[in-house]
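Taken in sequence, the protein lines are chains S and Y. For the first sequence, my numbering puts the final residue at 1012, and the numbers step up evenly by one. For the second sequence, my numbering puts the final residue at 153, and the numbers step up evenly by one.
Take these hints with a grain of salt, some might be off.
To be verified - With a straight-line cut-off of 30 angstroms between C-alpha atoms, the simulated DSS-like cross-links for lysine-lysine are:
id	chain 1	residue 1	chain 2	residue 2
1	Y	Lys-56	S	Lys-968
2	S	Lys-942	Y	Lys-50
3	Y	Lys-54	S	Lys-968
4	Y	Lys-50	S	Lys-968
5	S	Lys-971	Y	Lys-54
6	Y	Lys-56	S	Lys-971
7	Y	Lys-56	S	Lys-942
Hint data in this document are derived by calculation from the structure and do not stem from the laboratory.
This is what each chain is made of:
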Amino acid sequence: GESVGLHLPTLSVQEGDNSIINCAYSNSASDYFIWYKQESGKGPQFIIDIRSNMDKRQGQRVTVLLNKTVKHLSLQIAATQPGDSAVYFCAESGGSNYKLTFGKGTLLTVNP
Amino acid sequence: GAGVSQSPSNKVTEKGKDVELRCDPISGHTALYWYRQSLGQGLEFLIYFQGNSAPDKSGLPSDRFSAERTGGSVSTLTIQRTQQEDSAVYLCASSLYRGRYEQYFGPGTRLTVT
């Protein structure tokens, strides 16, 4: 069936480096994508989103890139900080106008 | 403003008992979701409420699971005759209205069935 998956389950970076978290999706009907951050013991927190009519969107220290040709989504975090350590989930709309399908998540660890 | 709240934060129950989990969405949000998150896993959709429309129950794993939303606000997820495989974190989220994908999550209820 349709699914959202991640290339790497864990990512370890040094403080100050840039981080890139990748996500593959398979539902070509998806027109909306979103990244969430989940810290230990907390619910997911919205980071940034992007619609399928865009290739790139920037936020504060974060950038989301969408490549519809290869159905790939990435989250770039600039100057990664210890507070960025968390599990990051991508999610896609999958053709629904209200339901999101979530990937399994990538654990980002930032080393001081 | 106040975010999504859930109670209890932790619940330990014996196998076979019923449990009720509560969610208070953000005021004014008409859409409400329940998800289940098992250890180290992604979010599994359970049920969706939108205003007075019939809920989307397509994600409920068995008939032991049910949910209601009273007055378009507070929601309760009920699990009857709990099993050990029901142990997980149950997350509630709300969004402003149907078609607005951005969902705001509560802290979750960690359910442990012994």
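Now the hints, each set against the structure:
1. Lys-56(Y) with Lys-968(S): violated (47 angstroms)
2. Lys-942(S) with Lys-50(Y): Given that 30 angstroms is the threshold and the Cα spacing comes to 16 angstroms, the pair holds.
3. Lys-54(Y) with Lys-968(S): This hinted pair is violated, its Cα atoms lying about 46 angstroms apart.
4. Lys-50(Y) with Lys-968(S): violated (42 angstroms)
5. Lys-971(S) with Lys-54(Y): violated (43 angstroms)
6. Lys-56(Y) with Lys-971(S): violated (44 angstroms)
7. Lys-56(Y) with Lys-942(S): holds (26 angstroms)
Of the hints listed earlier, those the structure fails to meet are numbers 1, 3, 4, 5 and 6, in rising order.
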